[in-house]
Structure formats: structure tokens, C-alpha cells
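> Top to bottom, those sequences are chains C and Z.
Taking my numbering, the leading residue of the first sequence gets 1261, the next gets one more, and so forth.
Taking my numbering, the leading residue of the second sequence gets 190, the next gets one more, and so forth.
Quick caveat, the hints were computed from the structure, so don't treat them as lab data.
Watch out, some of these pointers could steer you wrong.
[Claimed, not checked] Simulated restraints on C-beta separations:
(1) C:Ala-1731 - Z:Ile-208: 45 to 51 angstroms
(2) Z:Ile-208 - C:Trp-1370: 55 to 61 angstroms
(3) Z:Arg-239 - C:Asp-1673: 39 to 45 angstroms
[As the list claims (entries may be wrong)] So, partial list: chain C residues that the calculated Cβ filter (under 10 angstroms) puts toward chain Z:
(4) Tyr-1407
(5) Leu-1419
(6) Val-1431
(7) Leu-1435
(8) Ile-1438
(9) Leu-1440
(10) Gly-1441
(11) Leu-1442
[To be verified] Which chain C residues face chain Z? A few, computed with CB under 10 angstroms, are given here:
(12) Lys-1420
(13) Val-1423
(14) Leu-1437
(15) Leu-1446
(16) Gly-1448
Remember, predicted model here, so these are calculated numbers, not experimental data.
Glycine residues also receive a C-beta, built at the ideal position from the N, C-alpha and C atoms.
Spelled out, the chains give:
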Amino acid sequence: MTLADHLAILPIAIPALAAPFALLVMRRRRRLGIVISLVSCLAMLASALALLAQASSGAITAYELGDWPAPFGIVLVADRLAAMMLVLAATLALLALLHAVMTRADRKGWHFHPLFQFQLMGLNGAFLTGDLFNLFVFFEVLLIASYGLMLHGQGPARLKAGVQYVIVNLVGSSLFLIALGLLYALTGTLNMADMGLRVASLAPEDQGLLRIAALLLVSVFALKAAVAPLHLWLMRTYAVSTPAVAALFAIMTKVGVYSLIRVVPQVFGDGAGAAAWVPAPYLLPAAMVTTVIGFAGVFVARSLSEQAAYAVIGSTGTLLIAVAGWQTATLGAALYYLVHSTIAAAALFLMADVVARRRGGFADSASPGPDFADRNAVGLMFMLAAIAATGLPPLSGFIGKLMILKSVSALPDWGWAWGVILTTTLIGIIGFARVGSALFWKQVQNGQVPAPAAARADLAAPAIALALLAALSAGAGWASTYANAAAAQVLDSALSARAVLGEGAQ
Amino acid sequence: MTYEFLVASAIGVLVAGGIFLALRARTFQVVVGLTLFSYAVNLFLFASGRLQLNSPPIWSEAVTEYTDPLPQALVLTAIVITFGMTAFVVILSLRSFLESGSDHVDGDTLPSDTQDGLRDENAQGQRP
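So that you can see chain C by itself, here it is in the shape it has in the complex:
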């Protein structure tokens, strides 16, 4: 056994070890705690890249925890999709951590770094696991950490939003457990690959229950992904969170989308009888409504952080329009756009913080205020972030939306999808232009002059995020090939069933 054999567990083990160490040293040696957190994120990125290199050949690595054989023990499955999500999570974590340390946001409360590491452990676990109950456990790990991170910095507004966020997610977790109980009672297994094989041989009288379980499970994922009408928890939560934390939360809605992409083809695919592709008819209308709500919110938002939160909803909706096709081309386009939209949303949240730090009492509200430091540079970066979020050239959002439009044109409902995506893009552009011109062009003279920002160090993290988007645009050929290969792999449920359960599995 070498380290390479245990590569799949590293993205979970590294933060799980880093979190308690950071907790132990944070009290006395703050710097050491920051170093532990940074080193852990870098190690995570390295292991995720190693997994990406391993998976890019098409190999599916199944790691059996405790060496228990597959359907009985818990397996971790590292395929192209999982490796891609791990790299995305580690990159985003580094960005958010950099910004938190640069702006000293991590000093506004206790235990920022341990909670941050636990959050990453939950995220990485959810991306890697091949077991449904284990998915629930990792969801809980990332939710518990996110409750703490969301409340980081305290204040009545955060506490109020926190109560709603926690209650909504507690209900979601309970529904998740009911769906799991139903699925276990019907199939007698919790391993996703094994369940995918067993749903095919269910008795006719159990088909109704299977359908209920499938729809319940999909609703829980839709709640996590903030799909309309289950999106109402998101705006307040994200808008009041510490911006560095909100930037990391940009991937939390993507966990819901990821679970949908992972579970539906694997368990409720072609062979699932009455539950075959059961969310498909509902997903496209819900995704279109989500897109409209998201970009309408971008249009009317009163502050930059609220606008960024609505942009998250809108991009998730756009993403799901493509996912709802359930074909290799549409799913590949969706995966490319997923990576783009996560980083773009993070850039928007970070820019909101950059603006708020320079405007004193005016914070990030979308109304004209007095002149502030670095106005031109900040305005230019905001424009780039807005270009990314709406999907204009030259950044990767344009390529992502183009791929989505091209791939959905083969579907029967392509007219609706095109109409919604193109109209919402226009609305989004107008919304960002309105806020940008109010903030960076207009000026009121009589307002008090805010204190100048101490340093320009806080521009670093959003600049890196924008550079990553440019790189994603420049490397679009390679990235879209990988995304298409990942989509083909995840849609072929027999492939991962063979990798997890051995060659004999049918």
C-alpha cells in the first residue's frame, strides 16, 4: 500500500486533521492557526489535482473504507466529475481564505479557521462518497460548519437570517432521511451503484413508493441548490454572511446540483421502472423560473451583496436548464458553466466586500455616495465580475452560455430555454450596469468622506478569481473536453457500477 492507493481519502482526511489542530493553536498562536489552514488548503488542492490527473484517463477509483467489500461498506468514488468538483472546491477555498486573512475577517469571531476546515471536509466528502447515507452525513457536516461560518461576525441581522437558514435546512435533512428510509426499505442497500441495479427488479406494487422516494430525494437536492420555489432561504443568508464566507458558500448550491447529477442517472436512470428520470418533467420549468427570479433580483437588488446572492440563484437556474436535458452534450455544457458560475459568484461577493470596505457608512448599497479610494480600479474589476456573471465575452461565462444554448437546441423545448437564457442575460446586464453606474460614476458631494482603505491587499483575491475565469476561457478547449468526458462517464451508470461492485455486476 502506497500513498497513491489512499489518494481518494486525502481530501477528507486533510481538513479533518487540520481543523482540530487549528482549533488547538488558535487561542495562543493566531499566525500558526492561519498557516495550518493555508497549508491544509494547499495540500487539498494538490491531492485534488492528483486525483484529477488520475481520473482524466477515465479511470474510476473506488476506495473501500476499512476494506469492507463494496455493497456492505462505504465506498468513496473518485471519477472525473468528483475530481473536477474537488479541484473547484479547493481553489475556491484558497480564494476565500486568502480574502479572509487579507481583510482580517477571520479575526471578527472565534474559530473561523477550524469551521472553515470542517466545511471543506463536508464538501469534499459529499463530492467523493458513493453511499447515500454517507452523503447525508457529509451534508450534515458541511451544514453544521456553515451555520457557524454564516454567524461569523455576529450581529442581529446574521442571527435572524441564521435562524431561518438553520430551520430550513433541518426540515431538509429530515426529508432527506425519510427518502433514505424509503429507499433502504425498498432496495435493502444504501450504496448508490448497488441501488441503481436493484431498483430495476422491484415488484410492481412498490413502484409508487419508489417514485415518492425519488421525488422526495430530488426535492431535498433542489432545496440545497435553491431551485424555485425552494430558493427563498438563500438571499438573506448569503447577503448578510461575511463576504469571504459567502464566496465559499457559492459552491454550496452547487453541491445540490452535483448530488442531482450524481444520483439521478445512477439510481433513477433508464432501468428504474416508474421512477426512471422521474424529476425530468419538473426540472426544466423549475430551472427556467429560477433563472428568471435570479436575474430579476439582480435587476432590482439594493446592495451589491444582495445582487451577488441573486446572481447565484440565476446562474444555478441557467445551469439546471442545461442539466434538465440529461444528455452528454447538455450535461457537459452544464459542468463547464458550473465551474465558471461558482468562481464568478465568488468574485461578485468579494467585489461587494472590496466596495463596502472603501465606502464607510454607505457600505455596498447600490446608491451614489462620496468618492472613495481606488475608484477606477475597483470599478473596472466590478465590470469584469459583472461580465463574467452575465456571460459576456471575453470571460468564460460567454463560452459556457454558448455551449448551453448550442446543446439545448437539440431538445424539444429549446425555444423556451433560449428565450429564458437570452432574456435573463439582457436583464442581468441592465441590472449590473445600473448598479455599477450608480456606484462608480455618480457622486454625491455632501456625504461624509469615508476613511481611506488601509491597503490594497483586499484586491488580491477578486483579481485572482477574475484571472482564473480568464484562464478558464483561454483553456476552454481542454476544459470543455474534460467536462464532456465527465458527463459521458456520469451518465453511463453501468460504468461506475462495474468500478464499485466489481466486474461481475450487471
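Mind docking chain Z on chain C? Use the hints.
Chain Z in isolation, oriented as in the chain C frame:
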């Protein structure tokens, strides 16, 4: 049939009560509702391995009648998680009440609790 009816109706009543309370406006009722709901979920998970009376939970060659041990492990995990979550949401709503002076879930400090006919004079709270 009798056991199944008893367990099923107990779960149903708990879920109905839990959802009703979770939809109320004040945090205390919501927390109690979530607790009832989680009890129902735990019972449901326990029953997902079928209701088998007086049987050992461990399979061996000698035993023909056994009860499924996996749901018992699952329910243990679920109990631990929901217990921690309930404790957290209680503390969180208490902090929220003390900081914002309102125990309404939507953060509204205006009297809005007309749904249960109670007067809302006490909903405002006092800032410590």
C-alpha cells in the same frame, strides 16, 4: 397488522404535529415542531428495516429469523445529529431573541402573531 398500524399512525401524528408547529411564527413553537418531526423521522428509519419482534439483530448461520441491524445503526447516527442540531437551534434562537428583541422567525418586531389569538405584548422582548 396491529404493530404496524400503531407505529405508522404514531409516525403520521408526529409528522402532522411537527409540520403544523414548524409553520408557526415563533421560534419556540418551531423548535418543538422540528423536534417532533425528527422523532417521527427516527421512528420511520427504524421501521425501514421491517418490524421484527423478539429477534436478534445479528445474522449468523444458526439464526434464521433476525432483524435488520443496519437501520438501527442509521437511526443512531440520525439521533446524534438531530440532537446536536436541536441544541444548536435552541441556543441560536435564544441569542437571536436577546439580540434583536423579537422571537419571530421572520425577524419581524411588529405584532403579527394574530394567528393563535394571543396578544403580542410579550413578543417584543427586552434588550438585556
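> If a hint holds in the structure, say so; if it does not, say that too.
So, going through the hints one by one against the coordinates:
For the pair Ala-1731 (chain C) and Ile-208 (chain Z), the supplied restraint of 45 to 51 angstroms holds, since their beta-carbon distance comes to about 48 angstroms. Against the hinted window of 55 to 61 angstroms, the Cβ-Cβ separation of Ile-208 (chain Z) and Trp-1370 (chain C) comes to about 35 angstroms, which falls outside the hint. For the pair Arg-239 (chain Z) and Asp-1673 (chain C), the supplied restraint of 39 to 45 angstroms holds, since their beta-carbon distance comes to about 43 angstroms. Among the interface hints, the one on Tyr-1407 (chain C) holds; its C-beta lies about 7 angstroms from the nearest C-beta in chain Z, closer than the 10 angstroms criterion.
The closest approach between the C-beta of Leu-1419 (chain C) and any C-beta of chain Z is roughly 4 angstroms, which is under the 10 angstroms cut-off, so the hint is satisfied. Interface hint at Val-1431 (chain C): satisfied, since its Cβ lies 6 angstroms from the closest Cβ of chain Z, which is below the 10 angstroms cut-off. The beta carbon of Leu-1435 (chain C) is positioned within 10 angstroms of a beta carbon in chain Z (closest approach about 9 angstroms), and the interface hint is therefore held. Interface restraint check: Ile-1438 (chain C) against chain Z, minimum CB-CB distance 6 angstroms, threshold 10 angstroms, status holds.
Hint on Leu-1440 (chain C) holds. Least Cβ distance to chain Z is approximately 7 angstroms, under the 10 angstroms limit. Interface restraint check for Gly-1441 (chain C): the shortest CB-CB distance to chain Z comes to about 4 angstroms, inside 10 angstroms, so the restraint holds. At its closest, the beta carbon of Leu-1442 (chain C) sits 7 angstroms from a beta carbon of chain Z; the interface hint therefore holds under the 10 angstroms criterion. A cut of 10 angstroms between beta carbons decides the hint on Lys-1420 (chain C): the least distance to chain Z is about 4 angstroms, and the hint holds.
Among the interface hints, the one on Val-1423 (chain C) holds; its C-beta lies about 5 angstroms from the nearest C-beta in chain Z, closer than the 10 angstroms criterion. This hint holds: Leu-1437 (chain C) has a C-beta 5 angstroms from the nearest C-beta of chain Z, less than the 10 angstroms allowed. Annotation: interface hint on Leu-1446 (chain C) holds; nearest CB of chain Z at approximately 9 angstroms, less than 10 angstroms. Because the smallest distance between the Cβ of Gly-1448 (chain C) and any Cβ of chain Z comes to about 8 angstroms, under 10 angstroms, the interface hint for this residue holds.
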